[in-house]
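Work out the full structure: start from the sequences and follow the hints.
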Amino acid sequence: MPDVIVIGAGVVGAACAHYAARAGLDVTVLDRGPVAGGTTGAGEGNVLVSDKEPGPELDLAVLSCRLWRALAEDAGPGGFEYEPKGGLVVAETPEIQRRLAALATLTAAHGVEHTVVTGEDLRGYEPHLAGGLAGGVHYPQDAQVQPMLAAARLLGHGSVRLRTGVTVTGFTRSGDRVTGVRTDRGDLTGDAVINAAGTWGGEIAALAGVELPILPRRGFILVTEPLPEPLIRHKVYTAAYVTNVASDAAGLETSAVVEGTPAGTVLIGASRERVGFDRTTSVPVLSRLAAQAVALFPALRDVRVIRSYCGFRPYCPDHLPVIGPDPRAPGLYHACGHEGAGIGLAPATGHLLAQVITGRRPGLELSPFRPDRFEPALRPDRFEEPA
Amino acid sequence: MSDAFQITVDGRPVPVTRGQTIGAALHAAGVRSWRTTRLGGRPRGLFCGIGVCFDCLVSVNGRPPERACLLDAQPGDEVTTS
Amino acid sequence: MTSPPSMSGQPGSDPVTCDVVVVGGGPAGVAGALAAARRGLRVVLLDSGARLGGQYFRHPAVAARPVTAGFDRFVRQARALGRQARVLLRHQVWAVSRDGDLVVHCLAPGGGAVTVRCRALLIATGAYDRPLPFPGWDLPGVLTAGGAQALLKGDGVVAGQRVVVAGTGPFLLPVGAGLAGAGARVLGVFEANGGLGLARHPLPALARAGEAAGYALALARRRVPYRTRRAVVAAHGERELEAVTVARLDRDWNVLATRRIACDTLAVGYGFVPQIDLGVQLGCDTRADVDGSPVLAVDGAQRTSVEGVWAAGEPTGVGGWRLAELEGHLAGLTIAAAQVTREAGAARDGAQVAGQVPEALISRRGRLRVFGQALLEAYPVRPGWQGWLRDDTLVCRCEEVPLGRIREALRLGATDARSVKSLARPGMGWCQGRVCGYAVARLAGEPPGPPRRPVVQPVSLGTLAERPQPLSWKDLP
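Chains as they are written, first to last, in the numbering used here: chain R, 1 to 387; chain C, 1 to 82; chain Z, 1 to 477.
Treat the hints as calculated values from the structure; they're not laboratory data.
As the structure is a prediction and not an experimental result, all values here were calculated from the model.
It is possible that some hints are incorrect.
Claimed, not checked - Computed footprint of chain Z on chain C; a stretch qualifies when at least three of its residues, placed anywhere within it, have a C-beta under 8 Å from a C-beta of chain Z:
(1) 13-19
(2) 31-37
(3) 44-51
(4) 54-61
Positions of the beta carbon are idealized from the N, C-alpha and C atoms, including for glycine.
Here you go:
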């Protein structure tokens, strides 16, 4: 009997399993599909501290950024393409540049390093950037990983047992307490069950009779032909990305996010729209992403797109992930709802949850991520202190 | 347009019959590879011959690489191999 | 910074271009376009090639006409089509979407983006060779069988001087005979299966025996050995092909014995992969064909599961040019009938539409399908080929992914082709898995699934960023 059952073999589930195993626990990971078959497999692999305002998610991101670096060192050369390439946020107008610089000053107090870059100096960072930009901010801690490989490597820990192709159909209970899971391959009992089902985390929660308001927020990515020489060094995006991430709108929002990969391709995002789980390619969305990328990097004009794909970010109404024990179903823990930041936030999520499960005090306050914060009577703004 | 003309490959003339693709003209002239792969430096030329495999990418008149098997040769085309 | 373009593709934003768009100018597409045009529909046919013909009726721009069976009739059809429909050659379709109308997104010659709007779409995109990987298969001088045939038919180029032909299926016969007839020294045609195992379907086999026997005779006349249960399991050479290893195989294609043959060219093919990307984009139902290939599911009227979308020829199941032409013709008839029904305002009824097709054509299609299925059954890909590979054998030529990395992905928890692709990158490169897709799926332990390719042809970012030019019927040549 495992100590911990993790539902979901995406990067968050993998990190939960990894840190629990490192804490000496015996872990079984279940997934109805393969490793990283959901949103992880559709991610760009962002590990970002640059796109968050001061607050609990930023603290999580700063911790996670440090943990990714440590994991990459442990993994060695057979790793997951960890690339600490830094992020460059660019501003179209002097007013936006002033706001970017002000935000950077605020986040510096939380451990985010940055350099404010003038319009003239931008090409020292990115030689192919369009002219006429007002400036930007360089964030050296931003990094990228190959998310599927990262999930797979994290699951490679010796005391993690991975079972793919197993669908969780319910929970076993003793009174209120969750004592294990029911699956299409039989029951499995465990001391703790972690819901790391990402965009499908709400459905898993519902099986335990609790509500998590996680919705899919679709995003498309364009992938170019492999380029013989790297054209883009950093993850480069426009300031609009920050506001779009934080937006509640259901309609289509796009902002240019452009970066090269070790495979030589250029990845172009990011679109956000709440349209359920519809995979139909939207040519107008692809067209807008292309236009924004070319506007940022005119040299991309003749570069060809060879592929596009979409994924479904697990979106919570307050844009914060759900991390921690669920008081409504003792024994059940959640680690889902990270929206577009799941890759980046995975190690901190797993690390903190392992601390909680082993009875230690988590290194970061988890109350902002409480699973029951969406219950009308339990909204955190009604409490001075978390329960 | 005459039915027989020439193109050049790295400056060397290659004969073409009108309507032939650049890939076919190179292959007929004994030029069997005209690029190398990014990682292993492996030689590549025609493979599928019908625009599916992209092995035969070639730069013509300085343009970005195109599939040689789909590209009708035009008199005076300058092909550069890498 | 320029502002993003206005949203294109909104309902009713552009007038419809025509009644029906046919994608593909081979036997199915031309027959379908002609049947619809003759019944008064405005038809646009799009093809990426410089000439109509597809793979089977591929022909050179100049020089002698090919001896391909059925070619004269095809030329008559193509000429008639030129008068009755709009034929846009060198147009690459990269996506089809729907916003009320069907919108076909194309790259015109020179790379500009154009859209063609229509009420009905006929997918007649044919098929391409299915290669299998083996050590050395990426050496220059190794061609697909279809590639060697295309060089000969379309360009008048003989692929090599000392040529080996290998693979499985009846297509190897015309390839070998064609090369030998054009002056190549064909050192052998090696069929991995046991030959014409058509005993279970004697009638269609007899009907077609004339053609196969003709090729066999041509090979014999030129003293080209035709050997069954043989395959090329390795290719050798420094920068180009210099020799191949030919193996004697058991029933499952495991190697029993080998010998080496010096040659400069290998033409190899293990059947065909139906090209169904556009149908999958539109959400058409697929089914697994006899050989496991995903194909578009169609009803008796050649209609797919998606309203307004028809398919004919190899995308509905590999069956050869005769079946393709007949299916295309039937599709053209039923598209026209559906149009009449729609214009009359009557409820669209499948049986009614199908009922307007002559019974004789339907039963002929049935016979040809039986024959096509019998061929697929007689020339399967047997699992032993996986034993020809070494850990360093490239499976994906584009991203240069060797077998060892695919095995590692499977060890890391990949359980299907898609997750193997995520972890090890086979199929992520230029060809988007068209060449290695079959092999990767089988190595992952599953039959190949329907391909998910939202971008069917490479499109430059500059072109994608522009608002495409909507074509109007009156402006078409």
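Taking the hints in turn, this is what the structure says about them:
Given as covered by chain Z, the stretch 13-19 of chain C passes the check, having 3 residues with a CB less than 8 Å from a CB of that chain where 3 are the minimum. Check result for the stretch 31-37 of chain C against chain Z: holds, 3 residues qualifying (beta carbon to beta carbon below 8 Å, three or more required). With a cut-off of 8 Å between beta carbons, the stretch 44-51 of chain C has 8 residues touching chain Z; three or more are needed, and the interface restraint holds. Closer than 8 Å: that is the beta-carbon criterion, and the stretch 54-61 of chain C has 3 residues meeting it against chain Z, so the requirement of 3 holds.
The structure agrees with every numbered hint stated previously.
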